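Participant: Below, each chain spelled out in residue letters.
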Amino acid sequence: MNSKKPKEKNEFNILHLNQKYKILDINHPNKALNRRLLDMGLTKNTIITIKKIAPFGDPIDIELRGYELCLRYNDLNKIKLEVIE
Amino acid sequence: MKIALVGNQNCGKTTLFNALTGSNQKVGNWAGVTVEKKTGIIKGTSHELIDLPGIYSMTPYTSEEAISCNYILNESPDLIINLVDTTCLERSLYLTTQLINLNNKIILALNMNEILEKKGQVLDEILLSKLLSIPCIKISAIKNENLDKLIKSINNNNFYISNVNIFPQDIENIIEKVSNSFSPKINKFSAITEIEKFSVDINEVNNHTFNINKKGKKIKYKFKKLIKKNDSNKINTEIKNQIKSNILQENIKSDIINLQQNYNLNLEHIFAYERYNFISKVVSKCINKNKITKPQKTITEKLDKIFLNKFLAIPIFICIMALIYFLSVGVVGKYSSSFINDGITSLSNLIENKLTKLNASSWIISLLCDGIITGVGSVLNFVPQLIILFLCIALLETTGYMSRISFILDKLFVRIGLSGKSLIPFIVGSGCSVPAIMSTRTIENQHEKQTTIMLTPFIPCSAKLPIIALFSSYFFARSWLITSIIYLFAIVLIIVSAFIIRKFILTEAINSFIFELPEYKKPSLKYVFKDVLQKTSSFIKRAGTIILLCSIIIWVLVSFNLSFTYGVNIEDSILAKIGGLFSWIFYPILNTNSWAATVSAIQGLVAKEQVVSSMAVIAGLSSEVSSASIIFNPNGVFSFFTPVTAISFIVFNLFSAPCFGAIGAMRKELGSTKKTLIAIAFQTFTALLLATLITFFGNLIMIFL
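Protein chains in written order, with the working numbering: chain X, 1 to 85; chain V, 1001 to 1705.
Keep in mind the hints are simulated off the structure, nothing from the lab. On a predicted model such as this, the values are computed, not experimentally measured, just so you know. Be careful, since some hints might not be right.
What the hints assert, rightly or not - Think about it this way: if two alpha-carbon atoms lie no more than 27 Å apart in a straight line, the pair counts; the simulated DSSO-like pairs of lysine-lysine are:
#  : chain 1 : residue 1 : chain 2 : residue 2
1  : X       : 22        : V       : 1297
2  : X       : 51        : V       : 1143
3  : V       : 1289      : X       : 22
4  : V       : 1143      : X       : 20
5  : V       : 1285      : V       : 1297
6  : V       : 1197      : X       : 51
7  : V       : 1002      : V       : 1038
8  : V       : 1002      : X       : 51
9  : V       : 1177      : X       : 51
10 : V       : 1253      : X       : 52
11 : V       : 1522      : V       : 1310
12 : X       : 51        : V       : 1310
13 : X       : 44        : V       : 1149
14 : V       : 1119      : X       : 22
15 : V       : 1289      : V       : 1197
16 : X       : 51        : V       : 1521
17 : V       : 1002      : V       : 1149
18 : X       : 52        : V       : 1310
19 : V       : 1281      : X       : 51
20 : V       : 1152      : V       : 1119
21 : V       : 1281      : X       : 22
22 : V       : 1253      : V       : 1177
23 : X       : 80        : V       : 1522
24 : V       : 1118      : V       : 1522
25 : V       : 1302      : V       : 1411
Isolated chain V, as found in the complex (with noise of 0.2 Å):
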C-alpha cells in the first residue's frame, strides 16, 4: 500500500516519518525542512510511506508546495495519513476538508496533544471523528506514543471515502451539478476549481455573459464554415460538444452569479469563508476548555519579548552569530584542531620510520606520508571546527531561533530585493552551499530565489573554513578577528551584489512575505547529534574519497617529469609544467607568477578543502616536513604569500565558482544551464576584480607603512 504523509508545514511530519519507519531523515524547527518528497517503508509492514513537504492548501504557493500537491493529485496514494498540529486546528483542518473534497481516504493523526492540553484544552478525537467521518488517531510522534495504534489501523485498512457535506446546502448543489456535467462525474475538488474558474468581479458581470454569448455566436459561424469545406464527422461532433457545453455552462454560470451576488465576495473567497465556518462549527464542538484559568503566557511568549525585544533583537541576534564563530573558528577550534594536528604529524613519522627500517623504496614513503596522510590529514584537521559549526547551527534550526532571524532582519533585506527567508539559506549555507541551496525552495517569489541562489555561495562553507584557517593562523597574531572580517566582508559582498541584481539584472521584485513563528522548542538531542553526526561523516568520507583520490594524482603529477621520471626537481614536474600555463592569471593577486597555487585554486572546484590539501601535499614534496602549518616554510614554493597576498588569496578562493556539487545544485535549483553559467561567471569575475583591488592596495597601504 502507498500512504503519503501529508500536512501543514512545520507540523512534525518528518519526526513522524523517521518514527514510523526507523530513518534519519532531517527534522528541524521551521517550515520548509523537506523540500522533496522522501520514501520509506514502515517498520513491520510493506507499507511504503511518502513524507511530502509541508502545504495549507492544495493551491501551491512554492515550488516544493508544487511536489506534495502533484504528488497527491497525480500519484492517488492508496490512504493519506494527514497529520494535524492540534495547537492550530482550525487552519490545520482546511487542507483535510479539500483532501476529502478529493475523495481520499484519510486517516487524520493528531499530533502535538500535550501542548494544547497546557493551554488547558481538550480534544474530543471521537466527535470529531464522527463529524468529519475519517478516523482519528491522538498521536505524540516526537514521544512515539500511539504509533502502534495507528499502524494497527492502517493495517486493519477499513477506510472510506467521507460523505460529509461541507459546504451549506445551495452551495453543495451547484457543486453537484458541474462535477455531473462532466463525463466521467468529476469529484467536488475539482469542480470547485472548474466554478472558480468563473470568477470574476461582479461589476464586470454583465459584460461577461455578453462576451460569451458572443463567444457562442463565433463559434457556430465556425461550425456552419467547416460543415461548407465538407470537413470530418469528428470535428463537427466536436464543435457540437463544445457549443453544448457552453449552453450547459451558461445555465450554471446564473446559479454562480447569483451565488456571488448573495454573498458580495469573489468566488475563491466564497468557498474559503464556508470551508472555515464549517471547520469552526466542528472544532467548537470538539475542544472543549477543561478549566477556565487565565490565559498564561506560554514560554514562546516570555522568550519572545526577550529576543524579538525592539531594543535588544539586534544586539542579541550579532551575540549569537558571533559566539558561534566564536567557538568554531575560535578558541575551542584552535585547541582541538592543534590536537589532531600533532596526531597526524606523529602518524605520519611513525610510518616513516617504520617503512625505512622495513626498506621500502622511497617513493612508497613519499606516497604515503607526502601524498596521502599530508592530503587527508590536511583536511581532517578541521573536522573538530566543524563539529562546533554543525552542532550550532543544528541548534539554531531546532529552537525555532533560525526563524526568527527572518523575522528581526526582513526589513533590511526588503531594500535589497531579498527577503527573511534568503536569509535562512545564508545561514545553512555557513555548513554548506547545497543544502543551502535547496532550502531556497520555500521562497515564492521566482526572481528573489534566483537572487539567494546566486549569492548563498559567497558565504564562506565550512569546506572554504580550512583556507581561511590555514592562511589567517599564519599570517595573523589574531587570526579569529581576520576570520571574523572575512565573513563580515561576505555579507558586505552579499548586500552589495543583490542590490546590483536588482538594480541591473533581475528588476522587478516587489515581493510579499508570509511565514510562521514556531513555537522554542527545547532541542531533541538526539536528532541534533545525528545531524551532525551525518554532517560530519559526510565530511570525513569526502575526504576518504575524492580528497584521497586528488592528493594521489596530485602526489604524482608533482613527483613525475614529463617523461615519467620519479624523483625530479619540483619546478620541471608535470604539475608545474600545467599550472605554468594559467598563473599568469594570478598574477594580479599574487604579484607572481605561482604554479603551485594556480593548480591548488583550481583544485577548489572539486571540493574547496582540497586547495589546502593540494598546497600540503606540493609544500610536502618540495621540502622536509609534512605538517599543514609549515607550508609557508622560507625554502617552499608558497614562500611568496605576504599578508596582504594571503588575504587576497583567501577572497579569490572564497567568492570564485564554488565546488562542482554546490553548481550541480544551482543548476538544478535554476532550472537553467545559461542562467547557472551567468551566475558562475558573475561569482568568478567578482572574485577575481576583489581579489585584484586587495592585492592593489593593499600593496599600497603596505609601502606607506
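Next up, chain X with everything else stripped away, as it sits in the complex (with noise of 0.2 Å):
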C-alpha cells in the first residue's frame, strides 16, 4: 500500500489480499448485526487479514483471532480500520 496516513473513515478503495488492518472502532448502523459483529471478536484492536475475495468482488473472507468470516464490502467498509504496515 501507498504510504497513506490512516484516515478517520477508512477507504480501502482497493482491497488486496493479505493486507492486514486494526480495528479502531466498530459503528454499525444495523443494531443487531453490529452487536453480532462484536460478538464474533471484531473489537477495538483487533487486527484482521483480507484472505479471499469472491470472483464477483464481493463478499470479502477475512481472518481474525485465528477464524475466518466473510462479509460484505459495505459491512466491512462501516468499521473503523486502520491499514498496519
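Relying on the hints, combine the two individually framed chains into one complex.
Facilitator: Quick look at the structure:
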C-alpha cells in the first residue's frame, strides 16, 4: 500500500489480498449486526487480514482471532480500520 | 438429568449428539444443518441430551439461534456440554464466558484437536480447566475418542458453577452493584444486559441524565395526584418503588458513564472487548506452539485457490451442477430406471398370468395390476435417479462446497434482494422442498427469508423429476437437454420473481451477510450413506402409503361409473365426470378439455410424483398396457399431448402450488396463513400464465416451422 496516513474513515477502495488492518472502532447502523460483529470478535485493537475475495469482488473473507469470516464490502466499510504496514 | 449440547455453528454438535445417543440426525459441513432442537438419551445412561442449533453468543441473530438461547435461558438444563472447536478457540470461548456469567454448570468438550495439532499447536486442557474453573475434556466427536471419559464425568455429577472473574475489577464491581440492586439477586449475565440498556452515545450522556430527572419529577407528580384520589395502597408502593429504583439507577449510572468515558466505546463494545481480552490471555497461556515451523498451507487453502479462483470459480460451479444433473437425470438414471421398469412390467405380467390361471375375477386382477402395481411402480421407477441426486447433494453438503457456492454467487443475489444464503435452500430444494424451506431459518433478514421461502418450491424437487422425465423421454430425443433447459428456466424464473417481489411486494431489502467458510472435509461415507438411505426410504415409504392409497382411489373412481357398475367405458367413469368439471382450467394449456390430465395435475397437491402415478393408472385402464412409458399410446386418453403441450404441462406442474407437505412447511416458516396463501396464489398464477404463454407461442412457432 502507498504510505497513506490512517484516515478517520477507512477508505480501502481497492482491497489487497493479505493486507492487515487494525480495528479502531465499530459502529454499524444496523444494531443487531453491530452486536453480532462484536460477539464474533471484531472488537477494538483486533487485527484482521483480507484472505479471500469472491470472484465478483464481494463478499470478502477476512481472518481474525485464528478463524475466518465472510462479510460484504458494505459492512466491512462501516468498521473503522487502520492499515498496518 | 437434562443436558444441553451447546456450541458454535459447525463445530460438530450433531456428530457428537449422534455418537452419544446412537441416533441418526442429519449432519453436514455448513452452518445451519440443525435448525430445531432434538432430544435423545445418552447410551447406557438415563440422561436426556438436547441438541441445539449452533450459536455464537447469547444474543440471537437469527430465528434458529433464538431457539437455543431461549432454551438455555428458560428451560434451565441441569448441565451444559459446551462443545468447542479448538481451531477457533477464542471465538468459541466467548460463548463459554457468557454461559459462566449465566451461572450454568458447564463441561467443556474440546473437539477437533487433531486439526489443531496439524497446525503445530497443542492445547493444555488442564491449565484451561484451571483458568476457567470448569472441567475440560479433549474429545473427538467424529472418531468417537474419549467419549467414555465424557460420559463418565457426566455420571460423576460433581459440577460447580465457575466463579472466575472475567472482567477487570472496576467492571466486576459495577456488575455486582447492579445484580445486588435486584431482589432476588440476578446473575451477572442479566446484570450486564441491564447495564447495556443504558447504552447511549457519549455525546448524548448529558441529555440523557436530564431526561431521567424529568421523568422522576413526572412520576412524583403522578404520585401526588394518586394520593389525592385516594387510590389503593398497592399502587402507591409500586410507584414508591419505581422512584426508589430510579434513584438507585441514578447512582449506578454515574459509574456507567465514567466507564464509558474511560473506554470511549459503546457499552456493548466494552463488554465484548473485555471478554475477548480475558479470553486472549487464557488462550495464549494454554496453547503451546510445539514447533516453530513455517505456517504450512492447509488443504483448504490449496483447494480454495482453485475453487474460489477469480476466473475458475464460476466455470467449476457450472460444471459441478451440470454433472450432478447429467448423472441423475441423464445417462446413469436412464439405464437404471429402465432396468427397474422392466422388472415391474414383468412382475405385473406374472401376477396377471397367475391370477388368470386361478380364475380370479377380472376386477381383482385389474386392481392389482392396473391400480396398485402400475401406480406404485411408476413412482418407484425413479428411485435409482433419486439415489444419485441425493448422493450428490449429500456430497456437496459434507465436503464444504455448499458454503463456497454461497460465497461465489452472493454478489449476483444481492441485486435481487437475496443473498448467497438463499442458494442453500435452492440446492437442497432440488431434493425436497420441505427441508429446504426449513433451512431458510439461517437467513437473518426477514424479507429475504420470506422471499426465499416463496421461491424455493420453484426449484424442481425430486418428486417433480418423474414428471419431467416421463414427458421429456417420450417426446424428445435428447431428454437430458430438455431437462437441463427446464432447470435453467426454473433458475431464470426465480431470479425474475425475486426481482418482482423485491420491486413490488417486499420492497425494503438492504441486508448484510456474515457467514463462515468451513474447512474442506473428506466426506464421511457412513453419514453420506445414512443420509441417502434415509431420504430414499422416505420416498419409497411414501410410494407404499400415500401413492398406494391414491392409486387405489383413482382405480376405483376410474373403473366404476356413478351408479357403481364395474367395467364401464372410461369416459363414463366417476373420475371422468369429476375431471370434466375442472378441465376448462387447463384448456388454455392443453388446447383440449382433458379430464384425465386435470385430475392428475390436481393430485400433484398430494405429492408431485402422484401426477405420473395417476396418469399411469388412468392410461393403464384405458388400454391394454400397464407400463408407464406407454402412457401416451395413440389410442389412450393422453394421446392429445404434443411436444408443445407436454412442455407447458410440465411447466404448470413444476411451478404451481407445491405438495401439501411443502405448503405445511411454508406455513410454519412464514408464520402466517395469509402470507402462505399469497405465496401459493402467486405460484399457481405464475404457473398458469407461463404454461398458457408456452402453449400459445409454442403453437405459433410450430405453425411457422
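Participant: The structure should be examined with respect to each hint, and the outcome stated for every one.
Facilitator: Now for the hints, and whether the structure bears them out:
| no. | hint | result |
| --- | --- | --- |
| 1 | X:22 - V:1297 | holds, 24 Å |
| 2 | X:51 - V:1143 | violated, 30 Å |
| 3 | V:1289 - X:22 | holds, 24 Å |
| 4 | V:1143 - X:20 | violated, 37 Å |
| 5 | V:1285 - V:1297 | holds, 25 Å |
| 6 | V:1197 - X:51 | violated, 36 Å |
| 7 | V:1002 - V:1038 | holds, 13 Å |
| 8 | V:1002 - X:51 | violated, 42 Å |
| 9 | V:1177 - X:51 | violated, 44 Å |
| 10 | V:1253 - X:52 | violated, 44 Å |
| 11 | V:1522 - V:1310 | holds, 24 Å |
| 12 | X:51 - V:1310 | holds, 13 Å |
| 13 | X:44 - V:1149 | violated, 39 Å |
| 14 | V:1119 - X:22 | holds, 24 Å |
| 15 | V:1289 - V:1197 | violated, 41 Å |
| 16 | X:51 - V:1521 | holds, 20 Å |
| 17 | V:1002 - V:1149 | holds, 19 Å |
| 18 | X:52 - V:1310 | holds, 10 Å |
| 19 | V:1281 - X:51 | holds, 25 Å |
| 20 | V:1152 - V:1119 | violated, 30 Å |
| 21 | V:1281 - X:22 | holds, 19 Å |
| 22 | V:1253 - V:1177 | holds, 11 Å |
| 23 | X:80 - V:1522 | violated, 39 Å |
| 24 | V:1118 - V:1522 | holds, 16 Å |
| 25 | V:1302 - V:1411 | holds, 23 Å |
When each numbered hint is compared with the structure, violations occur for hints 2, 4, 6, 8, 9, 10, 13, 15, 20 and 23.
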